[in-house]
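> Letter by letter, the chains look like this.
Protein chains: 2
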Amino acid sequence: MLSPIRLALALRPPASAARPIVADKPAPSEATATARWLAAQNTWGVLSTISSDLNGAPFGNVVSYSDGVPGQGHGIPYFYLTTLDPTARDALKDERTSFTLSEFPLGTCGKIDPENPTCAKLTLTGKLKLVDLQSSETDLAKSALFTKHPEMKDWPKNHHFRIFKLQIENIFLIDWFGGPKPISPSQYLEFGR
Amino acid sequence: MLSPIRLALALRPPASAARPIVADKPAPSEATATARWLAAQNTWGVLSTISSDLNGAPFGNVVSYSDGVPGQGHGIPYFYLTTLDPTARDALKDERTSFTLSEFPLGTCGKIDPENPTCAKLTLTGKLKLVDLQSSETDLAKSALFTKHPEMKDWPKNHHFRIFKLQIENIFLIDWFGGPKPISPSQYLEFGR
Chain A
1 MLSPIRLALA LRPPASAARP IVADKPAPSE ATATARWLAA QNTWGVLSTI
51 SSDLNGAPFG NVVSYSDGVP GQGHGIPYFY LTTLDPTARD ALKDERTSFT
101 LSEFPLGTCG KIDPENPTCA KLTLTGKLKL VDLQSSETDL AKSALFTKHP
151 EMKDWPKNHH FRIFKLQIEN IFLIDWFGGP KPISPSQYLE FGR
Chain B
1 MLSPIRLALA LRPPASAARP IVADKPAPSE ATATARWLAA QNTWGVLSTI
51 SSDLNGAPFG NVVSYSDGVP GQGHGIPYFY LTTLDPTARD ALKDERTSFT
101 LSEFPLGTCG KIDPENPTCA KLTLTGKLKL VDLQSSETDL AKSALFTKHP
151 EMKDWPKNHH FRIFKLQIEN IFLIDWFGGP KPISPSQYLE FGR
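Chains as they are written, first to last, in the UniProt record's numbering: chain A, 1 to 193; chain B, 1 to 193.
No wet-lab data here; the hints were simulated from the structure.
Hints may be right or wrong, so weigh each one.
The list treats identical chains as interchangeable, and a pair is accepted whether it falls inside one copy or across any two copies.
Claimed, not checked - Taking lysine to any residue and the SDA-like style, the derived pairs with C-alpha atoms no more than 20 Å apart in a straight line are:
| # | residue 1 | residue 2 |
| --- | --- | --- |
| 1 | Lys-129 | Ala-27 |
| 2 | Lys-93 | Gly-56 |
| 3 | Lys-129 | Pro-180 |
| 4 | Lys-165 | Val-131 |
| 5 | Lys-142 | Leu-106 |
Chain A extracted, bound-state conformation (with noise of 0.2 Å):
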């Protein structure tokens, strides 16, 4: 994936403002490390699924998510979806769906352009999956939703919100000039294990 200008530029400076020092963030050579970060700080994203209402058009839809409750994240984003919007309908016909965080509205990017690639940019692409109402996983779900998104148990009984979860089968990350940096699934969830 990394192209000979992509790498040559991987070795010059950014031409803009330099991007700020956060304490909190990875550095860029970090990227797994990165990744998690993303998915750990972030509380909302947008996924795509193929529509069924707009003949397989990709439809990206606004989402909370968590992947953890604060400071223990695990890197699986969980959903709280319900059939009455499109995303969860469309999930249950096909399961193909990718989730997308920018680390713009975190406000570590400082004056750099939302499309910087030091502004980082992840894309986890695989299949949504309904939690298991019986499973173990559903009650680490609603506690990992519910402590980042407190509304969400308020939320219309007659809805139907159920659980989802992504399950991870590619890792597109940019972080820094150089294209995007090649993570495994396995290498992102047993990161810090």
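Once you've looked at the hints, dock chain B against the given chain A.
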């Protein structure tokens, strides 16, 4: 698109704390104005394509955009993309694309959760088109992009950034209880003219 449950919910106030009154933001009843406001206020979003690298899975990518110079948005999002990134490559093979914006990063949702329907979400679905370099639209788009994203004009020439635009075919806006608001592309594009 309005289910009976959602219509009923439209009549009741939000369950959580009232959202802050933002002078700028149109009233929830003004759906078209709200969609155009979101497109004009934001500077970045998630562009989702059909991934050629990932066997047709949806692939969302963080991108910057502009719908016009500040204060003069026209509603059409313009992008500055390079085929070194998968999004532009995907769109050149399959134009079907959606572009997703959230009100949350604007700071106007207050303590409301990003997934709460009163924190507005906009998904524009259509075709991602390369803008002809010789057209007058290129000048308009460059001016729109470079005023909101000044560093773009200094991005590496050898990355061959090109201007793309979304030809909008479907609009999905949620800005209140009651499900997505029906807005046609012509209503959206002609708003304020």
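> Are there hints from earlier that the structure breaks, and if so, what are their numbers?
1, 3 and 5
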